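Mind docking chain B on chain A? Use the hints.
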Amino acid sequence: MSQSRDNSLPTSHFTRALIYTALLIFAVYYLLPLFVMLTNSLKTLDEIRAGNMLALPRSITIEPWLKAWDSAQIGVDPSGLKPYFMNSVLMVIPAVLISTMLGAINGYILTKWNFRGAGVMFGLMLFSCFIPFQIVLIPMARVLGLIGLAGTTSGLVLVHVVYGIGFTTLFFRNYYNAFPDELVRAALLDGAGFFRIFWRILLPSSGPIIVVTIIWQFTNIWNDFLFGASFADFDSQPITVALNNLVSSSTGVKEYNVHFAGAILAALPTLIVYIVSGRYFVRGLMAGSVKG
Amino acid sequence: MAFLDIIGVTKRFGSVKVLHEINIGVEEGEFLVLVGPSGCGKSTLLNMIAGLEIVSSGEIRIRDSRINEVHPSQRDIAMVFQSYALYPNMTVGGNMAFGLEMHGISKSERQALVKEVAELLQITPLLDRKPSQLSGGQRQRVAMGRALVRDPDVFLFDEPLSNLDAKLRVDMRTEIKKLHLKLGTTTVYVTHDQIEAMTLSTRIAVMMDGHLQQIGSPAEIYQLPSNLFVAGFMGSPPMNLIPAKIVNGNDGIALHVSLHSGEMTALNLYQPSPGLLNQVGREVILGLRPESITDPDSADRNSPANQPLLNRIIITETAGSDTFVKTMLGGVEITSRMRGDSEVSANSDASLVVDMSKAVLFDPQSEQRIS
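The listed protein sequences derive, respectively, from chains A and B. Using our numbering, you'd call the opening residue of the first sequence number 1 and step up by one each time. Using our numbering, you'd call the opening residue of the second sequence number 1001 and step up by one each time.
Next comes chain A alone, as it looks inside the complex (with noise of 0.2 Å):
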């Protein structure tokens, strides 16, 4: 017999069958969208108009991959995503470092300098949490404007690093909270200074947060519509809004193989950092305290 049937309770077959069914429709009802895109993504357009949708392509084609990535029309050029894609590339991978090495930097402080004010000032970044996005689109593009950044991706990267500190700063001073104070009392005394514990000390313990903490940006930021549909440029758009465009503006025929590939090309980073780093999630958030 299996360990893990050890230890769950008696059930009777009947029960145990009940529930194997039950989750494996919800495991099919979860994959049932992903199985649409890829096996339609890998058909002809003429395949996909003649049979049904749910049906394995007949002969594979990665065209429209190739379309999607690099020829197809999106807005007025017939550019493909590729371009698309590197403006996510240069907008995510800055905005989540930076975003993440603040929060860090926030959570300690907030939990080993404690300074008059601290859970105000805790509070009130958490409350940025909780503002919709819509309330700073205009103050936002104001802001941009003013500063010379509106358009461009570094005007993104921007956005997402002051949308992202509420979050990064909340998941590190919940991990620092649990660490002990007396490491970096015995480290003040043998003579660390601030940056010093933090880098030698606090960073090094951190590994399962800043993982979460990347992963959480990551998704975040890649997928954001709103502030890449508002803020950006043609030339700085991100994936998104171009994937968004691509489907958008047609050219007589919906070319609905291309379109798959395409999204499936717009969520496959997201999809990738996931699977490597998907374990290092749940024990990140479920990990409360370094053992010293």
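Everything labelled a hint here was simulated from the structure, so no lab data went into it. On a predicted model such as this, the values are computed, not experimentally measured, just so you know. All residues carry an ideal CB built from backbone N, CA and C; glycine is no exception. Fair warning: there could be bad hints in the mix.
Here are some of the chain B residues that sit facing chain A, going by a computed Cβ distance under 8 Å [to be verified]:
| # | residue |
| --- | --- |
| 1 | 1073 |
| 2 | 1079 |
| 3 | 1102 |
| 4 | 1106 |
Now the in silico label distances, taken between C-beta atoms and shown as ranges [said to hold, decoys possible]:
| # | chain 1 | residue 1 | chain 2 | residue 2 | range |
| --- | --- | --- | --- | --- | --- |
| 5 | B | 1133 | A | 16 | 56 to 64 Å |
| 6 | A | 148 | B | 1074 | 45 to 53 Å |
| 7 | A | 30 | B | 1167 | 49 to 57 Å |
Anything over 12 Å on all C-beta distances counts as not near chain B; from chain A, calculated [said to hold, decoys possible]:
| # | residue |
| --- | --- |
| 8 | 86 |
| 9 | 101 |
| 10 | 137 |
| 11 | 189 |
| 12 | 193 |
| 13 | 202 |
| 14 | 206 |
| 15 | 272 |
Chain B alone, transformed into the frame defined by chain A:
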């Protein structure tokens, strides 16, 4: 001027005063233990010596120079924390070398110092391990190693043994004492365990509610506690505190104490201080250690003031080397310490011997010792 001077040190958190005008002088090479119940301010005082808490008023001096404003790392002190506070991401060797590295000591010198201290503490095989791979006792040693390697002027210990199990605690206590004998570094040690305080210290400072109650050698604290708190806090089991009344006895002045039966008995005071002679009728509290109320066989034969007493035994507790016997005296239950093979049994009368040369008297109102 002592080696480490604590002069009128007060600590306030907002309007709450947690330490009141503490004055302590620690001589070079001394092992001072700060002891008291939790919340008495002993750890706060230690943290102020370390520089981790700001001194509200007063002065702390090492080698006669004021260190109130000196950064913790420049005070030439090293501290062992209750949770050991080992850096989880560094190896044992890295933990020990970190402070040296921060003080700009070269790598080869660091390695030599770490090696030397590791050998002294017998942790050389552990140098490449991470703290999470160590047992409690090993972590304790590493924490001490990290402090030792700095070769500080003053060692500070903040309840270093309270996370260990009972047996290991006793072993480590001996280790710390040996280490102090060997190195002779001035040490301030905080604990709430009075046995640790008695066994380790050269002097004890007993604290309660932010006030220094008494400071003295372990023998002084044990024999002549300055007030009822110290008498009750130090010693295990604690000093018996028996309500009594000063009377004129057959042989000078004596104390009237009620027995289990309610009958009064007179215990002659041994060499009463002149001040007590005209205080007949005064209510006092008689303090007697459990070993000063014992069976005739265990009584100190050299004592000049042994007095017999017949009293009812309530209960006996065998503890191997001793038997603790409860009786009623002065209307309170008291503990006496007898030999391990003592044959007294509960609910019978037994003859006891009270060593009045060890008796101390307290005033019931002021709670201070008067004799």
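Tested hints:
| no. | hint | result |
| --- | --- | --- |
| 1 | 1073 | 3 Å, holds |
| 2 | 1079 | 5 Å, holds |
| 3 | 1102 | 3 Å, holds |
| 4 | 1106 | 15 Å, violated |
| 5 | B:1133 / A:16: 56 to 64 Å | 41 Å, violated |
| 6 | A:148 / B:1074: 45 to 53 Å | 47 Å, holds |
| 7 | A:30 / B:1167: 49 to 57 Å | 56 Å, holds |
| 8 | 86 | 36 Å, holds |
| 9 | 101 | 18 Å, holds |
| 10 | 137 | 43 Å, holds |
| 11 | 189 | 5 Å, violated |
| 12 | 193 | 9 Å, violated |
| 13 | 202 | 9 Å, violated |
| 14 | 206 | 9 Å, violated |
| 15 | 272 | 28 Å, holds |
The structure does not agree with the numbered hints 4, 5, 11, 12, 13, 14 stated previously, though it agrees with the rest.
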